[in-house]
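Chains C and D, in that order, are what the protein sequence lines are. Residues in the first sequence are numbered from 3 upward in steps of one, following our numbering. Residues in the second sequence are numbered from 3 upward in steps of one, following our numbering.
Hints are not guaranteed to be accurate.
Treat identical chains as interchangeable: a pair holds within one or across any two.
Claimed, not checked - In silico EDC-like links for lysine to aspartate or glutamate, alpha-carbon gap of 16 Å or less: (1) K127 to E101; (2) K127 to D141; (3) K62 to E52; (4) K11 to E87; (5) K70 to D98.
No wet-lab data here; the hints were simulated from the structure. Note that the structure is predicted; figures quoted are calculated from it, not measured.
Number of protein chains: 2
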Amino acid sequence: MRTGYQDIKDHILHQIRSNVWTPGTLLPGEIDLAESFGCARATVSRAMRELVDEGILERKRKAGTRVKSSPTRRAQFAIPIIRTEIEDTGAPYRYDLVERHVLPAPNWLRSRLDLPESASVLHLKCMHYQGNTPYQFEDRWINLAAVPQAESYAFKDIGPNEWLVQEVPFTDGNLEFSATNATEDIAAFLGAPVNAALFTVERTTWLADVSVTFARLYFARDYKMTTRL
Amino acid sequence: MRTGYQDIKDHILHQIRSNVWTPGTLLPGEIDLAESFGCARATVSRAMRELVDEGILERKRKAGTRVKSSPTRRAQFAIPIIRTEIEDTGAPYRYDLVERHVLPAPNWLRSRLDLPESASVLHLKCMHYQGNTPYQFEDRWINLAAVPQAESYAFKDIGPNEWLVQEVPFTDGNLEFSATNATEDIAAFLGAPVNAALFTVERTTWLADVSVTFARLYFARDYKMTTRL
DNA sequence: AAGTGGTCTAGACCACATT
DNA sequence: ATGTGGTCTAGACCACTTT
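With the hints as constraints, model all of the structure from the sequences given.
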């Protein structure tokens, strides 16, 4: 069998794991490695490039390739559609629209989404259930200038999360994870005591230079988001 | 200038963003695209492969390449060394060891780390400050069977996080993000009211089949972890 | 100036999933 | 059986960074 880029990745990882190549170590150059593996330089190159992507190695021209000293391993996690996430647990998914209003964008939202003073937004409050258990409370704001068709959509059966994903492409976004003490309102919706610590995700998405939507997602008590390193 | 893989990525992303290629659309094959761009197939291949890695496209042999219908874009975030994270803000970093004990592993930890009944662990409580402001309370458990040299290390000046990163390689790990109500103890350390919602990270790391360490990190109030999509 | 990684090419063969 | 992506090669030239 021929030596593939995956074999080289494995070999490098093995050297690191067995402490042969410790953080900071300078690895042999691509040409040397290619020779010792008996493969083309491009193959070594791909292996090393992927290890850089995975946060294991650092490369600089002329300086060579080193084992990253603070292995800033990048955790990746997917942002699933909530319906899928719940259905994957085997439980039925249920969605409820709690409130729906069109209104002028409040100031805090205007500054967050960089909206003009005249901006009009659609504000939705929704509940997502796992079976009969409250799962997430969604506080969603949609920029009607960017997504005018949202104004005529009821969101009675399909949540804004899912609808937006299908309807509107986006180019950029950011996520903020934090913890929030449950207000009376939200506590009631989620069936949690007032002041319970809730895992909270705030998400903003943009289509090029235009902000599309902002959402605050409050998860039920004891929710944990998990990811692998 | 020659057409590079980055140009092709940009072009594909542009088609998607301008709704020419909507979710589900079948893209031309590599050979066709290579011809229309006037480049080698390998170049197109790399562009598409990276877009798959980024969660934009889906590929299946024989079936071709499609725009992913539920753009499960993967958020990536780095797990920095806390000292670096703080120093990057411009503020000085301060570390304090609060408690340090060697003890038999409690049951909950044994089951979490898959430790034998006789296992002995090092338990540390530490505080991390940003300037004089409490930043994070760290509750750390180290498997002394995996890291015997920890027993003789004082952790007075360097935190276990940083020490472990330099000292012990790891192969796997997982992260859990959640929200916790501050207990009296932790509230005092972090200067927060009792019951304040604290963003919490639980991290387990393994070296092959041996568990290395488990940590609970409680962040100060209002901490937000941010990442881009 | 020189050495390293970064990218591209043109061609080849392989592996897999559908037909 | 066929068509698609997946990978590899051998060589070339470029770009960056250090000396």
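Here is how each hint holds up against the structure:
1. K127 to E101: The answer is within: 5 Å in one copy meets 16 Å, while 45 Å across copies does not.
2. K127 to D141: within (5 Å within a copy, 37 Å between copies)
3. K62 to E52: Answer is within; shortest intra-copy Cα gap is 15 Å, inter-copy 21 Å.
4. K11 to E87: Classified as neither: same-chain Cα gap 32 Å, cross-chain 29 Å, threshold 16 Å.
5. K70 to D98: Classified as neither: same-chain Cα gap 48 Å, cross-chain 27 Å, threshold 16 Å.
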